[in-house]
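We have chain A already, so just place chain B on it with the hints.
Chains as they are written, first to last, in the numbering used here: chain A, 30 to 538; chain B, 30 to 538.
None of these hints come from the bench; they were simulated from the model. A few of these clues could be false.
One copy or two, either will do: identical chains are not told apart, so a pair holds if it fits within one copy or between any two.
Under the rule of at most 25 Å between Cα atoms (straight-line distance), these lysine to any residue pairs were calculated in the SDA-like manner [stated by the list, open to error]:
1) 381 <-> 434
2) 149 <-> 104
3) 425 <-> 497
4) 425 <-> 272
5) 149 <-> 190
What follows is each chain in one-letter form.
2 protein chains.
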Amino acid sequence: MSDGPPRGPAGRPSIRARRLGIDTHAEAIVFLHQESDICRSEGLAGHNRVRVHTDGRSLVATLFQVTDDLIANDEAGLSDVAWTHLGLHEGDEISISHAAPIDSLGLVRGRIYGRELHAKDFDEIIRDIVDGQYSTLDIGAFLTACASRPLLQQEVLALTRSMVDVGERLVWSRSPIVDKHSVGGLPGNRTTPIVVAIVAALGLTMPKTSSRAITSPSGTADTMETLAPIDLSTREIHRVVERENACIVWGGAVRLSPADDILIRVERALDLDTEGQMIASVLSKKIAAGATHLVLDVPVGPTAKVRTPEAAASMTSGLTAVGTFFGIQSRVVISDGRQPVGRGIGPALEAKDVLAVLQGRPGAPRDLRDRALQLAAALVELAGIAPAGNGITLAKAVLDDGRAWRKFERICEAQGGMRVPAVAPHKHPLLAERSGRLTAIDNRRISRLAKLAGAPEDKAAGVELHVQLGADVEAGQILCTVHAESQGELDYALAYAGTNMTMFVLEER
Amino acid sequence: MSDGPPRGPAGRPSIRARRLGIDTHAEAIVFLHQESDICRSEGLAGHNRVRVHTDGRSLVATLFQVTDDLIANDEAGLSDVAWTHLGLHEGDEISISHAAPIDSLGLVRGRIYGRELHAKDFDEIIRDIVDGQYSTLDIGAFLTACASRPLLQQEVLALTRSMVDVGERLVWSRSPIVDKHSVGGLPGNRTTPIVVAIVAALGLTMPKTSSRAITSPSGTADTMETLAPIDLSTREIHRVVERENACIVWGGAVRLSPADDILIRVERALDLDTEGQMIASVLSKKIAAGATHLVLDVPVGPTAKVRTPEAAASMTSGLTAVGTFFGIQSRVVISDGRQPVGRGIGPALEAKDVLAVLQGRPGAPRDLRDRALQLAAALVELAGIAPAGNGITLAKAVLDDGRAWRKFERICEAQGGMRVPAVAPHKHPLLAERSGRLTAIDNRRISRLAKLAGAPEDKAAGVELHVQLGADVEAGQILCTVHAESQGELDYALAYAGTNMTMFVLEER
Chain A
30 MSDGPPRGPA GRPSIRARRL GIDTHAEAIV FLHQESDICR SEGLAGHNRV RVHTDGRSLV
90 ATLFQVTDDL IANDEAGLSD VAWTHLGLHE GDEISISHAA PIDSLGLVRG RIYGRELHAK
150 DFDEIIRDIV DGQYSTLDIG AFLTACASRP LLQQEVLALT RSMVDVGERL VWSRSPIVDK
210 HSVGGLPGNR TTPIVVAIVA ALGLTMPKTS SRAITSPSGT ADTMETLAPI DLSTREIHRV
270 VERENACIVW GGAVRLSPAD DILIRVERAL DLDTEGQMIA SVLSKKIAAG ATHLVLDVPV
330 GPTAKVRTPE AAASMTSGLT AVGTFFGIQS RVVISDGRQP VGRGIGPALE AKDVLAVLQG
390 RPGAPRDLRD RALQLAAALV ELAGIAPAGN GITLAKAVLD DGRAWRKFER ICEAQGGMRV
450 PAVAPHKHPL LAERSGRLTA IDNRRISRLA KLAGAPEDKA AGVELHVQLG ADVEAGQILC
510 TVHAESQGEL DYALAYAGTN MTMFVLEER
Chain B
30 MSDGPPRGPA GRPSIRARRL GIDTHAEAIV FLHQESDICR SEGLAGHNRV RVHTDGRSLV
90 ATLFQVTDDL IANDEAGLSD VAWTHLGLHE GDEISISHAA PIDSLGLVRG RIYGRELHAK
150 DFDEIIRDIV DGQYSTLDIG AFLTACASRP LLQQEVLALT RSMVDVGERL VWSRSPIVDK
210 HSVGGLPGNR TTPIVVAIVA ALGLTMPKTS SRAITSPSGT ADTMETLAPI DLSTREIHRV
270 VERENACIVW GGAVRLSPAD DILIRVERAL DLDTEGQMIA SVLSKKIAAG ATHLVLDVPV
330 GPTAKVRTPE AAASMTSGLT AVGTFFGIQS RVVISDGRQP VGRGIGPALE AKDVLAVLQG
390 RPGAPRDLRD RALQLAAALV ELAGIAPAGN GITLAKAVLD DGRAWRKFER ICEAQGGMRV
450 PAVAPHKHPL LAERSGRLTA IDNRRISRLA KLAGAPEDKA AGVELHVQLG ADVEAGQILC
510 TVHAESQGEL DYALAYAGTN MTMFVLEER
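One chain only, chain A, in its complex shape (with noise of 0.2 Å):
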């Protein structure tokens, strides 16, 4: 036996390991205190990047060191995410090392510097992601790269099967497995519900996994969360697809590719969304959920993720071409894109609209329910229960004889119980400041309205649009009303739209 210091994992020495209780989402950060026997015998100095070591795991941190009494000599701090990762229990012990050098770091250079990337490169980046390898800064360079030299098809490819290859996937027995997508970049456009609400009342599998927002106010998880639980397990997805043949999870929790929801977090923090990634992301998350045909939805308007023809063909060029590879067949549905849909955006204002429309409410709205019911259509009939030009026929009945209503209920009860959306406790209109007829409105300030008034992490908040496309307006009049959880986020909305009221485009008649 050595007379050193403890030793810990792989002979190491050791150290106590300590939950700080800190949020900080994605980023795993060790604090150690400068004085510490591990920073003084390893040579650990503060922002080095760290591994540290269980039993059976590891992973690398960034080492933030401590000249405070905030932690003990020894102990070393971890945030919540580190904590997680590796499994800990209050006082185990860990060791901490250097960080050996990233060799798939060498090939995002490489990426950056314009050499293309080939599938055991992706399969390198992938796991090393996934394994907790890269700090937040190294991710962000990997997308930065893929975004500036757009990702070629064939690296299009290769990160999808790297994605799926790190994750789970949904097995089925049934066949075929109809999904849907919308590439997003319009705000309200919650159709997804409702099309699964349709297409399972006409019979088909729909096992629907969804993502929370990239950088819009909602996605269909957020919305979702507002009316069931949507953080099931395999097994609880098979059960609930078992008995209604659909559901409408969050993909994240069943880890169908979650490289992808890693990638997304930082996507997010960058406000970044380029074709390449969005491919991978959709295609990742739709081969893992065991997907045969698949709808997307592609808004094209001029502040829409798709702004023309031109990008929307490109897209679907892409998608369809990925999809064909991988054994997906898949029909692009281009929408227009120039407004947001229904009244709500933010989570559970666009759950009031999805409610509106499939409970077939007088008020509910038109747009929303149109969309919903063409992509449906496009379903049913590249899945072959209906002969082309029929599907829409089918997916009407359902939707107003009230059957998709009755299904969607059971898929929420099945999910655990359905909930009621929050009401924002704090609203306040925007008015329009002249007389004139809309003629645009900008999606992404609309959307940034609501993200700055809390949404998606405040579910409640958002706006609510009272004025369509082609509406005549009078100054003074209600253009949208903007809903928030906390006085602080509406002042700040506020003071946005006050420099922003040209979201709304108002010309003289």
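Using the frame of chain A, we list chain B on its own:
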């Protein structure tokens, strides 16, 4: 008076600031309890970017939410960099709000998507970076975008000017002001202290501000710091130069191009080095330092920073063109970059080589001496105190008769007193595994080895080379010795060496 929570700067709800003593390097972080009034009233969520206000200053920080008792509900913990930037004192009241969207990040995204940046764009971006508005992730995206789609010449010009504009400038009553810079990438290439001593002994004015290492095991500032204080104020620099015509100080301490110091840290973390960024980095420092004549040392070799004569030509034309635009006469000296220079690699080991050359010791590294003489000769000719071809005679004379050494001693004394470089307590030789002629040395892997041993943070750490290209080596002969300040780092470097012995290429004779 209101009955609400206490009000702080600008009438916002206030909270007591607490210095946590956490070194997060350049990343400003604020720690708030999840249940704190300020999180609730302002609707702040984890990983939000928030603005921290004092009475007179503000900065943007990343919010880490704390769920444990690490900090109290009524206090805001700040990382050291945030504390210093805001000039806080214990118990000061601060307020915290959402950070308004940073407009210039839209310009960064535009650059990622392929739009050129103009002068006012760079002004905005650089000002925001220096004002602490950008996260490390944001800065990384900016640098990656400028590496993926290399900066155009007009962009390099604009970036350089923006970087100069946000910092201090040194103003000299004398002329010419000479300067030199090496583009780096060549371990041990520590000519600067020798060149400064020679040209100052010849009567030229050379107020040299140097950088710390970016991605290398030592920068001139790191090496010089083992010989004398380098952290001088503008006033102290003027005093030293007044007395000795020269100095060798750290540029960061005088806020010459503070943007460069921030960018360099992130470049270092990402291990990124690109031509446009490098030109702006070098020239912004030289312009701010008031240089009129500049000699650039560009080592070229397969594992140097500049790998081909074509890349050197591109670098040369870029640097001289941008230099001319700002009124700096420059000359480029292309040198052999196939192997490290001198014997030592790492701050103190390089200082030892510098001293040997200046003191004219018998075993002084010949290659370091020759390079320093060549650069000094170029400078005296460029500055017009020797006709073309005669500079080398003048330079040799003052080096050989001891005037340069005495000048160097006086400069060190003027800067605060000469120091003796530290010696590492842990050493280990690396032996040749076979006999053969040494035909190549991998600069990058030698550098990595020195860094893994602890350089440049550990001054005494690094690599001492015992062989040069062309040497006939016997199996078992010592190729180099690794120096480290801790056993952990030594082990770590040796583990790397064990799998990277091909950094020395031995070919059969």
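Cross-check of the supplied hints:
1. 381 <-> 434: Intra 13 Å, inter 81 Å, cutoff 25 Å: intra-copy only.
2. 149 <-> 104: Classified as neither: same-chain Cα gap 39 Å, cross-chain 49 Å, threshold 25 Å.
3. 425 <-> 497: within (24 Å within a copy, 82 Å between copies)
4. 425 <-> 272: within (23 Å within a copy, 90 Å between copies)
5. 149 <-> 190: So residue 149 and residue 190 pass the 25 Å test inside one copy only (10 Å; across, 42 Å).
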